[in-house]
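In the order they appear, the protein sequences are chains X and P.
Position 54 of the first sequence, counting from 1, maps to 54 under our numbering, and the rest follow consecutively.
Position 45 of the second sequence, counting from 1, maps to 1045 under our numbering, and the rest follow consecutively.
Note that these hints are calculated values from the structure, not bench results.
These numbers were taken from a predicted model, which means no experiment stands behind them.
Don't take each hint at face value.
[What the hints assert, rightly or not] So, partial list: chain X residues that the calculated Cβ filter (under 10 Å) puts toward chain P:
(1) ALA72
(2) ARG76
(3) MET80
(4) ALA99
(5) LEU134
Just so you know, even glycine gets a beta-carbon here, dropped at the ideal spot from N, CA and C.
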Amino acid sequence: MAASILPLALEEVGYAPRGQTLIDGVSLEIGAGPSTIILGANGAGKSVLMRLMHGLLAPSTGRVRWNEPDAASLRRRQAMVFQRPVMLRRSALANVIYALKLANIPAGERESQALAALDEVGLRHLAHRPARVLSGGEQQRLALARAWALHPEVLFLDEPTANLDPAAAREIETVIKAFDAAGTKIVMATHNLGQARRVGDEVIYLQAGRVMERATIESFFARPATAEAAAFVKGELPWV
Amino acid sequence: MAAIAEGLRRVLELDRELWHIVALSLEVSLSAVLIATALGLPLGALLAVKRFPGRRTLIVLLNALMGLPPVVVGLLIYLLLSRAGPLGPLGLLFTPGAMIIAQSVLVLPIIAALSRQALEDAWREYEEQLRSLGARELAAGLTLLWDARFSLVTAVLAGLGRAAAEVGAVMIVGGNIDGVTRVMTTAIALETSKGDLPLALGLGFVLIALVLAFNAAAQLVKETAERRFG
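One chain only, chain P, in its complex shape (with noise of 0.2 Å):
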């Protein structure tokens, strides 16, 4: 407890470099979900109402893309953004932008995935309906969208938890660097290997506690709408 506590004010001490840190991590991690749920969610209703040839081995790939170790994404990106890779000219390496690269990377599959089960179920029910009213698969794919929007709440959620808790993308692409790229979770890993427990313990419950939040934000929402919706 007394650990605890002691975090706690360590973390309350650091105000101005703390909330650096803090807001650095929600500008990366939500652009991330931003740019993945704008891009996953079209995926995601795209395999839930089209039939086509390889739609199954898509889905059983990205399902396993779900797991995808966040050290290999960061490896990957890393390569791609280094000054002799390709996308090098970019001058990415070592910014928020690589870092935001790196994790719409890492949540994509979860938000596309996720959603794509979601939008399938739907679609069971739905189907017949829309097809009898002549809806055609574009048609049919946003009213998915639309009218599945409280479950595709939870995919994002889950997509931003993992954006949120991950360490290793943005360490390799982003370096950890003072006041440039350092985010919540690498500075609780730079702080443990330092062996400033408390304060990395203090760093850990803020970053919980956000989580936390945007959950309980979003939960209200949703259980208001589906009151007020059915």
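Chain X with its partners taken away, still in its complex shape (with noise of 0.2 Å):
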């Protein structure tokens, strides 16, 4: 395998579309190994700023880098999972195949990566049923499956868990935290903050766009080092 698609850099990002500014001056490195949770409230911009990272919008300003010049291998070698999973009208299997099968995977291969895949979210059993009758979880589960077949280097997660009950989310985070042992890079946006201590070793805290501060779980959790973000973590709202 070629060398890593990491680290990813962002160079004084900024997105103001129609002059709204959503992201604002952000300069981040991520690396490979520790998982990354990007923490916010609502309206932070976390899903914009995943958005910019996993190259589904353009800065305005600034320049999202990484250590991969070819656009179709960079889109190969990262997958994100969304707040809503959107499943196409056919079978769970169907559904990995399809990703697969635009990842360019050779046809004799699909099935077998894809089984594989639906057996690592507990899903094996469910691969013949239509994808949009699922429940909520097992359709998160489903995509977290769908991202997975192609082996990603790096997953982004955009608040996963959101629209899940508490059941459904640990079983979804039993699932992140395995893919993150199997070595692939986890960058997940979470308001969440139980979550966050659960399935992250750092914290990226945003707040209207910016980045204010970057640490460590625990340091972030014990010593906030921004008033912001000690306001965040003690469950504060910081307009209030």
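Two chains, two frames, some hints: make the complex.
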């Protein structure tokens, strides 16, 4: 395999559609290794920042740079799981096979790889069920399997459990931790402090489109460096 | 009521002649819808997924063309196919072929515009996911067409409704020739002008029943499939 696509470097990245600044001068380097949690209140810009990193949005200013110049190869080696999984009108298995097909995996290998990915998230028994009739938690696990089937080096997760009940959320977290253990770099946005602690190794704290703080999980929760982060950790709303 | 019963009795009396008219109506309208679907769905997908200069103008134009008056379409096709027209040598005027062409032109904007709307709504839901998976425009368009297939049934049915109901275009380019280009709507117009109202009414009921049957069947297929696939 070629060299890693990481590190990912953001250089003074700004995003301001129609003059409204959503991300403001963010410079970051994200390397392999620790799971990164992007933490912040609703509207802080977490989702937008992830989309800029993943390449779904183009920055208005600044640059997003990966350690891989080829766009197609870059696309194949990273994946994203969204807050609301988008399932195609076909079976769970076919949804995973679809992703493998787009990644140019040879036809003969798709089914076995897809079944392996479904196994990984505990959905093999539902492989032939239509994806859209699965429960919310099952659909999100299927989204994880679809992302995982490509063995991405980096997996972005945008509030993957925000719409799920606690039990389903725990199942998702277990799967994410397994991917982390298998060597995939996890970058997850959340506003759930407990989840940040359970899944993350380091925190990037975002407020109003700016990075306020970056620290390890332990030090972020024990000694937040900024007053805003301290207020967020204490569960206070920053604008009250 | 008496007129209706009389009409239906007269329709049943027609038997062979009637079934020829019904069969030709179906042949013309279904062929036109088939052609318009084959062209209209890809056009709708293109407009839903691809961003290019002039796209919005094209959408406005397409939406406006949904209201194209059949007689005007008939006239334009007539001019194209008439002996002095550019397509005159094909000798299609006053044949079912000409009627199929006219109805295709009439139905294409309906299927393209309605499918464009349905596919654009689906695209809003799918875009990020498909782009994240690395789907290019062509792959994304094909995926949308397949995934929105149940909504597209409605667009195609709207086209079929238009084709089955119109009289102006087939009258002008077909000429309502007995046994050759007479279809249900032109037969109804003729019988009405001749004053044979019961027969016209009877034919009208047969036409309505056919359109109803098509829509019911499509709805049934759509609902079963939706239950099955979510």
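Verification of the supplied hints:
1. The criterion of a C-beta within 10 Å of any C-beta in chain P is met by X:ALA72, whose closest approach is roughly 7 Å, and the hint holds.
2. The closest approach between the C-beta of X:ARG76 and any C-beta of chain P is roughly 6 Å, which is under the 10 Å cut-off, so the hint is satisfied.
3. Among the interface hints, the one on X:MET80 holds; its C-beta lies about 5 Å from the nearest C-beta in chain P, closer than the 10 Å criterion.
4. Checking X:ALA99 against chain P: minimum C-beta separation of about 5 Å stays under 10 Å; hint holds.
5. Checking X:LEU134 against chain P: minimum C-beta separation of about 8 Å stays under 10 Å; hint holds.
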